[in-house]
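All chains should be built: construct the whole structure from the sequences, respecting the hints.
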Amino acid sequence: DSGVTQTPKHLITATGQRVTLRCSPRSGDLSVYWYQQSLDQGLQFLIHYYNGEERAKGNILERFSAQQFPDLHSELNLSSLELGDSALYFCASSVAPGQGAGGTFGSGTRLTVV
Amino acid sequence: GQQLNQSPQSMFIQEGEDVSMNCTSSSIFNTWLWYKQDPGEGPVLLIALYKAGELTSNGRLTAQFGITRKDSFLNISASIPSDVGIYFCAGPGGTGTASKLTFGTGTRLQVTL
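Keeping their order, the protein sequence lines are chains R and S.
Under this note's numbering, the final residue of the first sequence carries the number 117; numbering is consecutive throughout.
Under this note's numbering, the final residue of the second sequence carries the number 271; numbering is consecutive throughout.
No lab work stands behind these hints, which were simulated from the structure alone.
These figures come from a predicted structure and were not determined experimentally.
Certain hints may be false.
Short, incomplete list of chain S residues facing chain R, as computed with Cβ under 7 Å [stated by the list, open to error]:
#: 1; residue: Leu191
#: 2; residue: Phe261
#: 3; residue: Arg266
Computed, partial: chain S to chain R, Cβ under 10 Å [said to hold, decoys possible]:
#: 4; residue: Gly198
#: 5; residue: Gly243
#: 6; residue: Phe246
Yeah, the Cβ is synthetic: ideal placement off N, Cα and C, and Gly gets one too.
In structure tokens form, the structure reads like this:
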């Protein structure tokens, strides 16, 4: 158990729908990162939050958004889902940017869009 | 953008053999990270490298930060069945080691008894 909790583990939904993925970071970690892993694109950084504020954005689609709440958990919202959004979505956490090399990853949420 | 290419893409080896894999970048990195991903799990950090030329070990694993800062190498000695998985290199694209990681294409390792 890495200490980073992601829910749900699996999600199946239809095209056009909207889903919310949740991440609870390790106790004491203020930074949360979201990654997408797909067969064709590999592991890609989406977005980074630190203590409630957005710090960096990667290849995140406009249909996707995220936030980090005061209790430090984070949610990734995916809307107008397309078949190509099917992927594993990982959350990682670290104490702060620049600390905890690479962050600690959760077990991921597998999203299947049908 | 930055690209990290790993080779080989996959490899079958016999238990007990040594393994070598590498990662090359189109641009310079100041930190190199090596991860292992087991099926159904997230990547787990194996080794972090912070200085060009650095050689760091973690048990049977040894990684090196290339002198040019555009490559890194991972060696596994005396492989065992639990070494099976996908190995990724990664480097940070932003401030700090954990920001905006760029991941390599991965090397899938399979061990035969």
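Cross-check of the supplied hints:
With its C-beta approaching chain R no nearer than about 5 Å, Leu191/S sits inside the 7 Å limit, and its interface hint holds. Against a cut-off of 7 Å between C-beta atoms, the interface hint on Phe261/S holds, since the closest Cβ of chain R lies about 4 Å away. A least Cβ separation of about 12 Å between Arg266/S and chain R goes past the 7 Å threshold, and the interface hint is therefore violated. Hint on Gly198/S holds. Least Cβ distance to chain R is approximately 7 Å, under the 10 Å limit.
At about 14 Å, the closest approach between the beta carbon of Gly243/S and any beta carbon in chain R exceeds 10 Å, and the interface hint on this residue is violated. A distance limit of 10 Å between C-beta atoms decides the matter here; for Phe246/S the minimum to chain R is near 7 Å, and the interface restraint holds.
Hints 3 and 5, counting from the list given before, are not met by this structure.
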